[in-house]
Every structure is written in structure tokens, then in C-alpha cells.
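Novice: Each chain, written out:
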Amino acid sequence: MNALLCPITAVWNSSIGKKLLVALTGLALVLFLAGHLIGNLLIYLGAEAFDEYAKALHEALRGGGVWIARIGLLVCLVIHVAATISLTRANRAASPKYQHEAVIQATKSSRIMIWSGLTILAFVIFHLLHFTVRVDSELAEIAKASPHKMVIVGFSNGLVVLFYLIAMTLLCSHLSHGVASMFQTLGFRSRKAAPLIAFLSKGYTLVIWLGFCSIPIAIYFFHFGC
Amino acid sequence: MLNLTLKVWRQKTSQDTGSMETYDAKNIPEEASFLEMLDIVNTRIIMSGGEPIHFDHDCREGICGSCSLTINGVPHSKEKGITTCQIHMRKFKEGDTIWIEPFRARAFPVVRDLIVDRSAMDRIIAAGGYIDVRTGSAVDANSIPISKMDADSAFDAAACIGCGACIAACKNSSAMLFTAAKVSHLGHLPQGQPERDKRVLSMVRQMDAEGFGNCTNQYECEAACPKEISVDHIARMNRDFTSALIKEQLIS
Ligand code: HEM
Ligand code: SF4
Ligand code: FES
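So the sequence lines, in the order shown, correspond to chains A and B. Anchor point for the first sequence: position 115 equals 101 in our numbering, and the numbering is continuous, going up by one each time. Anchor point for the second sequence: position 169 equals 203 in our numbering, and the numbering is continuous, going up by one each time.
Heads up, a few of these hints could be off.
Label-pair ranges, simulated between beta-carbon atoms [claimed, not checked]:
id	chain 1	residue 1	chain 2	residue 2	range
1	B	L284	A	A180	23 to 33 Å
2	A	A68	B	I159	29 to 39 Å
3	A	L192	B	T77	54 to 64 Å
Treat the hints as calculated values from the structure; they're not laboratory data. Please read all numbers here as calculations on a predicted model, not as lab measurements. Each residue gets a CB set at the ideal place from its N, CA and C atoms; glycine is no exception.
Generate coordinates for the entire structure from the input sequences, incorporating the hints supplied.
Specialist: Laid out in C-alpha cells, this is it:
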């Protein structure tokens, strides 16, 4: 096999290699979420600041910047999903059930990773159609004038807000196991570092949950910006 | 004396589907060990003309790694840091129902009742858990300096008795803790250095080939391990494997 395919199959065909792909793509997505949150929180500074930020994003590298980011993120997401589905299937095939099941100390979040992940996937598709592709022509018109207004109008629909909040909660369940787990997969965890890693992981998850949920809650329940 | 109900996995051959059977275990002395309790029940089964419950055991003092048994869903029971043969019946209460199943994993086919074939673990060792050249008998103490931290960590890893409880406890039947303990044991010592990369690559590949699952970092293994082997060894194996794979694929 050639010099490129060989390392790729060596990584994909080994359990640790495939998990490394999950951890590295997970890390990229975790960093993206932090950046995305900071951008979104600009909404609290007013329409002008938010619209300017949206404009700057779309004009970076003469419009190429946003596409580089989109393609990079899409590639990460595809690798993450393909690898985790493949790992989950292999895990199920490897482990027959006990008649009397017991859990010693594994967390609930760690046991529903595939379900929290698939909910995130459904959410991401919806979210892109809603705010990026803008399949709703009315919302698309509004967005052209002001992305800020688009967010306010977008979050005045109760069902959208409900789905958003559920998805964020499951995302945070995913992160509460995933962020700490990533350190172990990448080989950076030790008994000594474990409390610090747990703190980082829980802290990050909490900030993500509070930050992302605050926006639809402020708009829908407290009529922020309306 | 305790009166207990046992739910025991019975399976005649590896092809048989098997099922849980119920047994009354009356008048069990509290000072009996768990395996002695099974001996008592088996004697009664034999006296009444039945086929005794088959289970693995050897040393009965927690050092050989032969005994297995998943007790109420937990390999070697929920008592921390001990093997099945070290459990005493005083840990149970009058009237308890105890579920006794084999160490389950697709890579551990049931041989009979509670006995499973754990030779997949031997094949992982055979793939690289050794040092190729004979290094002679034990060298003089302190003739090869080894840092205290490395010596301690190697010793902790070497405490693994190869029982397979980590695999049986894992939700994915992953063999990472066992394999990591073996990789770490030799990888910490000077004698293990020349083959360090080769060892981790072949042992992990054998582990994958045997049909064990993938680690999801839930640490059920560490919680079930009778020798309390730390998952730090798994993190170290992840590091070792990654660097060995990069060297193998891209450098030499
Ligand atoms: C923004 C989106 C996402 C982020 C930030 C994220 C983050 C992470 C992180 C950090 C891990 C831990 C990696 C490790 O254990 O080393 C992880 C694991 C996992 N992710 Fe995601 N993920 C996302 C989306 C998804 C999606 C869409 C799926 C759908 C299948 C998914 C399924 C999984 C599964 C099943 C695991 C467990 C893998 C394992 O423990 O072996 N994730 N994720
Ligand atoms: S790591 Fe612990 S549980 Fe696993 S085989 Fe070794 S002694 Fe048994
Ligand atoms: S019989 Fe030897 S460890 Fe239990």
C-alpha cells in the first residue's frame, strides 16, 4: 500500500488508533464550541456588536475563512461520528449481557454517549438548516438585514427553544464524560492529575450549558431584544 | 448459619445456550469462604445424584488468578481489592439471593457452567509480554539503578494475576487494563526498553484480534480489579502505542 493509505488504515484498524481519532476530533469540536459561545454571547452587547461580528466572520480571508472553518469542522464531525459508531458497534458485539447487570461506578453520561451524540447530530443538522442555510425564506430575509434580528425571531418559537434546550443538555451530558475522557485517551491523565481534569471538564461543561442556554431563555422567556 | 438462594448459570457445553438455575443454600457457616459455600452446595447436589456446579479455582488465597465468578453483576463481588476465593460468607445476609455468573466476554467462551476459556489473555502475553533474550538470573541489587517511581509503578503493574475481572467488568469487554498492566510492567524497566515499541504494538494488535471491545474510559476495570491495578497504566499504554505507531508508520 502507498505511504498515505498505510498509516491511515493502521490507525483506523486499531482500537487505540480509532479512539485517538475520536479524541482529537472531539478536542477540535470542544475548542470550536468555546469559540462559538464567545461569539454568541456578543448578542448581549447589542445588535450592532453582534452584526459586526457576523460580518467580520463572513469577510475573513475575503470570505474564505468561514469556508475553511466549515470544511474543517465538517471533516472532524464526520470522522468523529464514523469512528464512534464503529467503536460502539464493535463494543456491543464484544460484550454479552449479564442476567444480573450491575454498574460499579461508571457515570450515567458515560453510558449514553452514543445517544447523546446522535441527538447532537440531529441538532447540528437542524441548527445548520435553521441559522446557516436558512431554509425558512422569511428568516433568510431577516438575516440579510440583521443576523441579530434573525436570532431574536428564530428563538421566539417555543418548539425551537425546547429542542435547543434539550439538545444543549444532552450535549453537556456528552461533554461531562467526553472532556475528561479525552485526556485519558490522549495519555495525559494520571491519578495525580485526575481531580484537576475533573474540575476542568465539569467547569467547561457548566459554562457551555449556561452560556448557550441563556440566549434562547433570555429571548423567549424574558423578551430580550424584542 | 445462613440460608441463601443462589441463582447460578448452568451450561453443559460451549455450544449449549445455558440458563440460570435456582438452588437453596441452607445452613451455610458464616466463616466459610465463597468457594467453600459452593463446595457445600456441590456436595449436596452430588449426594442427590445431580451434576455439581463447575467453577475454576486453584490457590484459594488470591494469588493465582484462577477463580472467577461474577457475583451479583460484579466480577469477584463488590468487595474491593479481593478475589472470589477471598470472600467470606459473613459478607452476606440471611435470606440473600446471590446471582453467580461466569466472567462474560465474547472473547471468553463458556467451557462449562461458570468456567470460561481465558486463553485469549495468554495469546496477548505470547504476542509480546516477554523479553526476547535471556537476561540471566536476578542481578545484584542496585547494579542497575532504577528510579523509585519506576520501580514502584512496575511492581504495581506486575501485581496483575491475569484473572480477567477487568474484562468481565467492562461494559465493552475491553482488555485494556490487563494489557496495559503487562505493557507497563516491562516498559518501566531497563530490560524492557529495547522491545518497548514492538511489544506495545503487537500486544495491542493481538488484543484487537481476539475480539475484545474498545475502552470508553469508564474505569469499571480498576474498580473490579482484585489487585487494584491503576488506569494510569492505560493512559501510559495509549501514549506508548501512539508514539510506537508514529515511528513504525512514518519513521522506520
Ligand atoms: C459538538 C459536537 C461534539 C463534541 C464536542 C464531542 C466531543 C466528544 C469528546 C471530547 C469525546 C471523548 C473522546 C475520548 O473519549 O477520547 C467524545 C466521545 C464520543 N462521542 Fe462525541 N462529540 C460531539 C459530537 C458527537 C456526535 C454527533 C456523535 C454521534 C455519533 C458523538 C458520539 C460520541 C461517542 C459514542 C463517544 C464515545 C466514544 C468512546 O468513549 O469511545 N459525538 N465526544
Ligand atoms: S488487571 Fe486486575 S482484573 Fe485485570 S487481569 Fe490483572 S489482576 Fe485481573
Ligand atoms: S483461586 Fe487463586 S486467586 Fe482465587
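Novice: Hint by hint, say whether it matches the structure.
Specialist: Quick rundown of the hints versus the structure:
1. B/L284 to A/A180: 23 to 33 Å: holds (32 Å)
2. A/A68 to B/I159: 29 to 39 Å: holds (33 Å)
3. A/L192 to B/T77: 54 to 64 Å: holds (58 Å)
Every hint, counting from the list given before, is met by this structure.
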